[in-house]
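Asker: One-letter residues, chain by chain:
Protein chains: 2
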Amino acid sequence: MAGIAQKLASNQKQVAISEFFEKNKHFLGFDSLARSLITAVKEAVDNALDACEEARILPTIRIQISKIDVKKDIIRLVVEDNGPGIPQKSIEKVFGQLLFGSRFHAIRQSRGQQGIGITGVVMYCQLTTGRTTHVRSKIATEPTAAVVDIGLDTRKNKATKANAGREIWYQEDGSSKEHGTEITAEMKAKYQKGRQSVWQYLRMTSIVNPHAEITFIDPEGVKHHWNRVTERLPTKVESIKPHPHGIELGQLQRMVSESKDLNLNHFLLNNFSGVTNRARKELCKAAELEGTRKMKTIKGDDIRHLLEAFQGERLCDGSPAKLLKPPTNCLSPIEEMLIKKGLSKTIDSRFVTTLTRVPSVTQGNPFQVEVGLIFGGSMASDKPVEVLRFANRVPLMYQQGGCLLTKAIESVDWRQYGLEQAGGKGVPKGPAAILVHLASTNVQFTSEAKEALADNGEVMEEARKAMLEMGRGLRKHLEKKKKMAKTKEKFELINDILPAIAEKSAHILDRPVPELAGSITKIMSAVICESTTVWNKETKQTDVEITLFNYTSRVRAYTILATWPEKAGAKIIGNDTGGRKEALGVWAWKLDALQPGEQVKINYSLTGLERGDWTETEILFRGSQDVIGATKMDEKFLEEIRRQEKLQSEEVVVEDSSATGEVAQEAIPEPVVAAPEGQRTLFGGDA
Amino acid sequence: MAGIAQKLASNQKQVAISEFFEKNKHFLGFDSLARSLITAVKEAVDNALDACEEARILPTIRIQISKIDVKKDIIRLVVEDNGPGIPQKSIEKVFGQLLFGSRFHAIRQSRGQQGIGITGVVMYCQLTTGRTTHVRSKIATEPTAAVVDIGLDTRKNKATKANAGREIWYQEDGSSKEHGTEITAEMKAKYQKGRQSVWQYLRMTSIVNPHAEITFIDPEGVKHHWNRVTERLPTKVESIKPHPHGIELGQLQRMVSESKDLNLNHFLLNNFSGVTNRARKELCKAAELEGTRKMKTIKGDDIRHLLEAFQGERLCDGSPAKLLKPPTNCLSPIEEMLIKKGLSKTIDSRFVTTLTRVPSVTQGNPFQVEVGLIFGGSMASDKPVEVLRFANRVPLMYQQGGCLLTKAIESVDWRQYGLEQAGGKGVPKGPAAILVHLASTNVQFTSEAKEALADNGEVMEEARKAMLEMGRGLRKHLEKKKKMAKTKEKFELINDILPAIAEKSAHILDRPVPELAGSITKIMSAVICESTTVWNKETKQTDVEITLFNYTSRVRAYTILATWPEKAGAKIIGNDTGGRKEALGVWAWKLDALQPGEQVKINYSLTGLERGDWTETEILFRGSQDVIGATKMDEKFLEEIRRQEKLQSEEVVVEDSSATGEVAQEAIPEPVVAAPEGQRTLFGGDA
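Going down the list, the sequences are from chains B and Y. Take 1 as the starting number for the first sequence in this note's numbering and just add one per residue. Take 1 as the starting number for the second sequence in this note's numbering and just add one per residue.
These are calculated hints, taken from the structure and not from any lab test. Any given hint could turn out to be false.
Copies of the same chain look alike in the list, so a pair counts if it fits in one copy or across any two.
[As the list claims (entries may be wrong)] Keeping only pairs whose Cα atoms sit at most 20 angstroms apart, straight-line, the calculated SDA-like set for lysine to any residue is: (1) Lys156 - Glu19; (2) Lys93 - Asp149; (3) Lys188 - Gln64; (4) Lys483 - Asn263; (5) Lys581 - Asn270; (6) Lys260 - Lys481; (7) Lys67 - Arg304; (8) Lys476 - Lys486; (9) Lys281 - Arg511; (10) Lys89 - Gly3; (11) Lys490 - Ser519; (12) Lys590 - Thr141; (13) Lys486 - Arg475; (14) Lys7 - Lys260; (15) Lys190 - Gly457; (16) Lys407 - Gly457; (17) Lys7 - Arg254; (18) Lys156 - Gln12; (19) Lys490 - Gln416; (20) Lys72 - Arg304; (21) Lys299 - Gly130; (22) Lys567 - Arg278; (23) Lys156 - Leu33; (24) Lys93 - Ala16.
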């Protein structure tokens, strides 16, 4: 026994982070040969998209995969982008040093964050093939590109470099490239097709990055191309400061001890988001600290009290200090219209609904959930629905079962919304695909491979609410479809068979055929609305036609309302029926009295849209008798529209505030945290 | 555009590993308040068990949880062990520095490996409560214990220490403690009961660590105790050298460049397991390298050729170099008997079967799968079976769905083995629990929190085979039970009703009651075997009684065979019927001719076992007529027994070899990799 403790202790030593990840390369997504290739593509493409977005460049990315040695599974991957490029002296650190990067401490939405991804690729290549990764990068201000071969000294977590130099970067057309980065990596990997493949990864990436142009040349030399479908770059995101609600005690202690601020007042105003001058005063009062206290005198219990004031556990004049919500200009959602566009282009279907919820906050981090659902078309109806998961515009392709986003889908009883689901739990079955995207300043993954989201109550709740909302849209669509089908059947029956019977009877009895219009109307006894929303190839417009039939025996008067994607910039033209704008994205027509047996048509077109943007128009009505094929306009719907309008105007304020800085943040009237209500899928095609 | 690349690059900096894990604390298992507490307990208990095992001490561990501040969710955790203790100067590094430890480079089975766990706990405490962790540790060679408060400078990944000192460690009974470690940590956490709780974690730990004594005092002051059920420490594991089959090119390059060996011959013999002198010669020849080459002259293509020789891609005299399998003394499985004991003690059931497969190898790492299945008793039959997952004797409590071990269970069509399962996929339903344990020198988890195993083809295959084998045992058990029940019913019917009818008829007809024995035998027309295996409290023995009934009209002769846990050290006593040992763990009795209507009994007892060790005896027979309640002894069964015997003798060789080093390894006749056949559950209670 004697000496065993010393003996055991003598073997202990420090391990470098690079040794750790080399041994645990599966943490980084390098667990099988097939997945390793996808991981490598993913890291390179993520970096390219992030760099382009930060430099406000519309990304054009080219990925080429070739088989170098089929027997030994050696593959060469080349990824080229038109990003801003990397200055020569930074290249080695970016590619050859783990945990080196610019985004770790920044609080804003980005794909990469840790500074692990691409270095992991370099490390994996070196480990499996012994080869370095060739990097070529050109920045706009220099005439030539820097080239260098990068490896990794894993014992020290330092880059090794060889063959460094400069060259003119000629492009295919002979011109020299202005700016961009290209990596050439050789690794042990397997190229596969199917549900988990490079192709599928790029296809999903293109859905949520409609501003990117992606070209992929597979090992057989086949060229796959995903077009840029919008010229609009994602909203520019700004880094924000941490919000007091998300601060832990240990973090606050460190911030205080490292502070270079003059005093507590400056400390509070300079280092946090959501702290106005008034909030600063209230925080000091609640924490019982003088604002003029020098930072180095603030210790121990002072910091504890300050944290308690942050968390509303200490009151100022009987209530917690009033903090603003964190600004949401650190987030860049895809937005409903683009999700819809991406989905309808990629998967053939009958019905699409999308929904972007308002931003919310968890542990001081702003986040936003977006969902989309497509239904019908050629999808299989006896299989589980396809789940498309995304985080900060990056597709998640593995660990579906262990992901928070999947759990949110599984937690909904989809049977009430018209999908099959054993026991009301789990992924539902049916001809549908569900898309869910989390945009967040701090996406919490279950591991460094960033393939599944870790549990988080608030994110779960938001995602679930979005699902429920979307489910209601689906149910409405299915019910309406059913009702319409029934009415149509009845109508056809009556219109075809009744006259036939009448004619036959008249013939047999040798009497004149009776007038049936009255009888038919009596039997139908309904007002029916039919609408079509069709893309017009020639005019490049979306044509909408709404028809209202009065199959009742009385005169009817209605106001008919229709939704249109005003928010996305669409304009109504050729609307000869007139009417007026009722609210954001809702047009209204007050119709004259409609006589029994009469019908009326409303026609107009929408401009400013592309094909697939708008495929169904929701029709609403005001009036005493129900209209089959339209929804009654009620207070709830109106409230939602008003809320939407209000949000729209708030968003404008936020955008302004990002320019002028902190003071303007005060203009944001209510904290997002206090608005947990679901947001209605106003522009979803659930009509 | 100009300057954007420089601007982006200027924000880049190096992040410390501790900053990384502080931000991503959920990677380490600190994602919710409830889970954080379980993670803290787990890390402390894992360390205690590992230290005790390495120092060959029977562990006695005490865990106490108290609520310090209910409103703010502050909890104090104290974990005390009787391990070897930690020398004073090592304490700060062990507890206050990430990636510091002794097991990272060692190739052998251990619970902890990365040097992250306990430092993660210290970091979490500091972050959430601002408090340091108090450590007290005493080693046997010093008279007093070292005490110190440990924190973490996350910017530098260095420990901070305060209040360091020495004290006499008084125990409850007033004596001073000889050796051990105690940590007192205060953290933001929630104590919960239920399926994912500290209690459940400790209960599961006690199942797979039957040599540990664990006491848990919960926040209400209630004491929970799990006794030590065996005095036998787990087999001592030895570190092994890497096996050539698991080497990657990058790793070999580093080994070559860092080598201090005289020449290639020494390099090959000194740094790898499985390389005999003959293998060394063959490897050199295949790689076309002189064994006397100095290491510093070996570069580039030489290393590539050496690797290809390792992988059998380069041949020596027409065939790959013959490598031995890696030694398996680096593994310490729980072993069938102890799994069975743990399971039957913890869960009430009717049927238990366990199975330890022979060690196998993946990527040069030896591993071994063990499984257990319990069925019946008070478990719910309409719920999914309980899945108990373990890796290196540590319970896995989260991410069940994403774990390789669960996937192995889900991949089996359990319907054919008598359990319900929708579509023959997924976790089956039924009154059962399935235990699966992976022992490995390199357990690949999906993340640092070590809650789920990452995908690996070979491990999956082994786990699946174990499941299939166990499933067959379950089916046999259920079929036998059904058959026995049917026969018994028939028997009772005939034995009760027939005489009653006969009597009644005789009475009515006023004639004598007829002799029915002959008729009954004729109707039954079966030989039936019944056996009981019962623990005798007084004698501390397991009493077995086997009864054979001949309900046929002919004379019958049989050899009856019974299994007993010879491998686990049990002895047969009081066996008056004589017989002889047929094979390892199989006894045989040649019975005299059994007359129609006769019965014969075999009685004996087993010593050297404890209660719950052996609850069912498998009965086999040799003879022409089938015996209900026994299995026909066939060639397949015998082959399995012989294989078992052979393995048993091989194991002895392996154990010897570990003492004398490499040369003796040559005595191991066949590589484990070449023995993929399932191992029969000889000692499982599937009789």
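Asker: Decide, hint by hint, whether the structure agrees.
Answerer: Hints and how they fare:
1. Lys156 - Glu19: The answer is both: 8 angstroms in one copy and 18 angstroms across copies each meet 20 angstroms.
2. Lys93 - Asp149: within (12 angstroms within a copy, 36 angstroms between copies)
3. Lys188 - Gln64: within (16 angstroms within a copy, 49 angstroms between copies)
4. Lys483 - Asn263: Neither way: lysine 483 and asparagine 263 sit 68 angstroms apart in one copy and 85 angstroms across, limit 20 angstroms.
5. Lys581 - Asn270: Answer is neither: 45 angstroms inside a copy and 84 angstroms across each miss the 20 angstroms cutoff.
6. Lys260 - Lys481: neither (65 angstroms within a copy, 78 angstroms between copies)
7. Lys67 - Arg304: between (59 angstroms within a copy, 19 angstroms between copies)
8. Lys476 - Lys486: Within one copy only: 15 angstroms inside, 56 angstroms across.
9. Lys281 - Arg511: neither (95 angstroms within a copy, 112 angstroms between copies)
10. Lys89 - Gly3: between (50 angstroms within a copy, 14 angstroms between copies)
11. Lys490 - Ser519: Answer is within: at 13 angstroms inside a copy they meet the 20 angstroms cutoff, but 74 angstroms across does not.
12. Lys590 - Thr141: Classified as neither: same-chain Cα gap 61 angstroms, cross-chain 96 angstroms, threshold 20 angstroms.
13. Lys486 - Arg475: within (16 angstroms within a copy, 52 angstroms between copies)
14. Lys7 - Lys260: Answer is neither; intra-copy 46 angstroms and inter-copy 24 angstroms both fail.
15. Lys190 - Gly457: between (38 angstroms within a copy, 15 angstroms between copies)
16. Lys407 - Gly457: Result: close within a single copy only, 11 angstroms intra versus 27 angstroms inter.
17. Lys7 - Arg254: Answer is neither: 36 angstroms inside a copy and 27 angstroms across each miss the 20 angstroms cutoff.
18. Lys156 - Gln12: both (17 angstroms within a copy, 19 angstroms between copies)
19. Lys490 - Gln416: neither (26 angstroms within a copy, 50 angstroms between copies)
20. Lys72 - Arg304: For lysine 72 and arginine 304, only the inter-copy Cα distance (12 angstroms) is at most 20 angstroms; the intra-copy one is 59 angstroms.
21. Lys299 - Gly130: For lysine 299 and glycine 130, the Cα distance is within 20 angstroms only across copies (11 angstroms; inside one copy 52 angstroms).
22. Lys567 - Arg278: Close neither inside one copy (35 angstroms) nor across copies (77 angstroms); limit 20 angstroms.
23. Lys156 - Leu33: For lysine 156 and leucine 33, neither the intra-copy (27 angstroms) nor the inter-copy (35 angstroms) Cα distance is at most 20 angstroms.
24. Lys93 - Ala16: Answer is both: 16 angstroms inside a copy and 14 angstroms across each meet the 20 angstroms cutoff.
Violated hints, listed in ascending order, are 4, 5, 6, 9, 12, 14, 17, 19, 22, 23; each of the other numbered hints is respected by the structure.
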